[in-house]
Amino acid sequence: MIRVILPPHLRGLARISGEVELEIAGHVTQRSVLDALEARYPMLSGTIRDHITQQRRPFLRFFACGEDLSHEQPDAPLPDAIASGAEPLLILGAIAGG
Amino acid sequence: MSKVRVLVGTRKGAFVLTSDGKRERWDVSGPHFAGWEIYHMKGSTADPNRLFASQCSGWFGQVIQRSDDGGKTWTQPGTPPGESTTGPGGMPKGESNKFVYDDSKETGKPLTTHQWYDGTQKPWAFKRVWHLEPSLTDPDTVYAGVEDAAIFRSTDGGKSWHELAGLRGHGTGPRWQPGAGGMCLHTIILDPKNPKRIFVAISAAGAFRTDDGGATWRPINKGLYSKYIPEPTAEVGHCVHRIALHPSRPDVLFMQKHWDVMRTDNAGDSWQKISGNLPTDFGFVIDVHAHEPETVYVVPIKSDGEHFPLDGKLRVYRSRSGGNEWEELSKGLPLRDCYVNVLRDAMAVDALDKCGVYFGTTGGQVYVSPDAGDNWAPIVRDLPPVLSVEVQTLA
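Residue numbers (my numbering), protein chains in the order written: chain H, 1 to 98; chain P, 1 to 395.
Think of the hints as simulated: they come from the structure by calculation, not from any bench. Check each hint, because a few of them may be wrong.
[As the list claims (entries may be wrong)] Using 16 angstroms as the maximum straight-line C-alpha spacing, the simulated EDC-like pairs for lysine to aspartate or glutamate come out as follows: (1) P:K127 / H:D50; (2) P:K354 / P:E24; (3) P:K22 / P:D251; (4) P:K93 / H:D50; (5) P:K93 / H:E38; (6) P:K3 / P:D27; (7) P:K196 / P:D212; (8) P:K193 / P:D251; (9) P:K222 / P:D269; (10) P:K313 / P:E328; (11) P:K196 / P:D138; (12) P:K93 / H:D35.
Given the structure is predicted, the values throughout are model-derived calculations rather than measurements.
So here's chain H without its partners, still in its complex pose (with noise of 0.2 angstroms):
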């Protein structure tokens, strides 16, 4: 079981409070865990990463286990404590514009 926090806006846009949870099969990491995302909520795509470019939006992060994971490849296993369940995967929106 994969653990996620969301941004407050994305929440409102996906209609769900608290964290998501989600089942991945095979390796855990950035890509998996937002394309399950994705298939559980079609309405976060394109919000988090680039519908074509799969790239993360500019201003979003993803954290774990205390460290930004924002530049690590989207391929590259998460900790395993996210794999684990132990400690869910932030995303987090930059603080910039007010």
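Add chain P to chain H, keeping to what the hints say.
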């Protein structure tokens, strides 16, 4: 009894204002989509309970919302939660927030470049939807004007979008450049008498027209004079802020350009200046009275460097002669210390017997005049900065 529904897009959400035909007492619903920028909302004339909204954010990009109950509830018209986002062949489905320029060999145009602020060329990149224009006859068809400038069409109620690439790719694109707000296609007018004809306007490129339903386009900027560009009478490059027409006379268009208020009587083939006695002819909005095709409204703004009313007095100007002769309308409007702006999509008229005129400001006020501009009153005073105002007249 008739009533009106005013759709207000702001920097931090959408608001729906409703009143009966007297337009004195108002119910305010919102914020919808709190915290998101709502560039534009508009209802379908074919099905007035169907509304479309452009919701966007610098963080999360573009979202399209649709209501089928007059704004009470909203959904994204794309793939429902839990349903596969790929089609039978494994290809990704079109999505309601997926605006991809059409550069396919079959229908599209190569993704070329446009001029950037510094004069260099920059490739087209989608940023947001500025304007949504529902079809006049089909509730499932809606057009979107986007930044970087292009026009898209959905024929499935906003579920998926396809570019009408003939506009972006017709040849003058490398000479288009962004205005201060970005290179946006902000105005779409569907000709009510000729379903094949569409007018659009782009900052800063100018006005364009198709006569074949969107396949081919041509600039319609003859007569515009923009002293701030290298060639003031150029075919394209003009910063057109807004265009409006009266449905009974779609060959007559009125334009608020960056500077200058203009008019054409031949569907844009040539334009004449009608600024006349306006105290300043810079501004953003322009609209036409619902029942008097020669009655036009503008809100003069001091200058391109000072986006607020002259002398701190918020005034609407009305011409009842199709331009040149303008009268000041200020009864009920703030006439001191007012330094708000009225953005290009933030004026609308209703179709009640006594035509109502509405506009919203960057200070968060939405004003109504229930008597064609003679008297004004605020509906709301303290919304976030208003980006757009549309009104529906309901039976």
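Evaluated hints:
1. P:K127 / H:D50: Within the cut-off at roughly 11 angstroms; holds.
2. P:K354 / P:E24: OK: K354 (chain P) and E24 (chain P) at ~13 angstroms, within 16 angstroms.
3. P:K22 / P:D251: violated (32 angstroms)
4. P:K93 / H:D50: Measuring from Cα to Cα gives roughly 15 angstroms; hence the hint holds.
5. P:K93 / H:E38: The given pair, whose Cα atoms are some 13 angstroms apart, holds under the 16 angstroms limit.
6. P:K3 / P:D27: Roughly 12 angstroms between the alpha carbons, so the hint for K3 (chain P) and D27 (chain P) holds.
7. P:K196 / P:D212: With a Cα-Cα distance of about 5 angstroms, the restraint between K196 (chain P) and D212 (chain P) holds, given a limit of 16 angstroms.
8. P:K193 / P:D251: holds (10 angstroms)
9. P:K222 / P:D269: holds (6 angstroms)
10. P:K313 / P:E328: Holds: K313 (chain P) and E328 (chain P) sit about 11 angstroms apart, inside 16 angstroms.
11. P:K196 / P:D138: Judged against 16 angstroms, a Cα distance of about 14 angstroms means the pair holds.
12. P:K93 / H:D35: Since the Cα atoms of K93 (chain P) and D35 (chain H) sit roughly 14 angstroms apart, the hinted pair holds (cutoff 16 angstroms).
In summary, the one numbered hint that this structure violates is 3.
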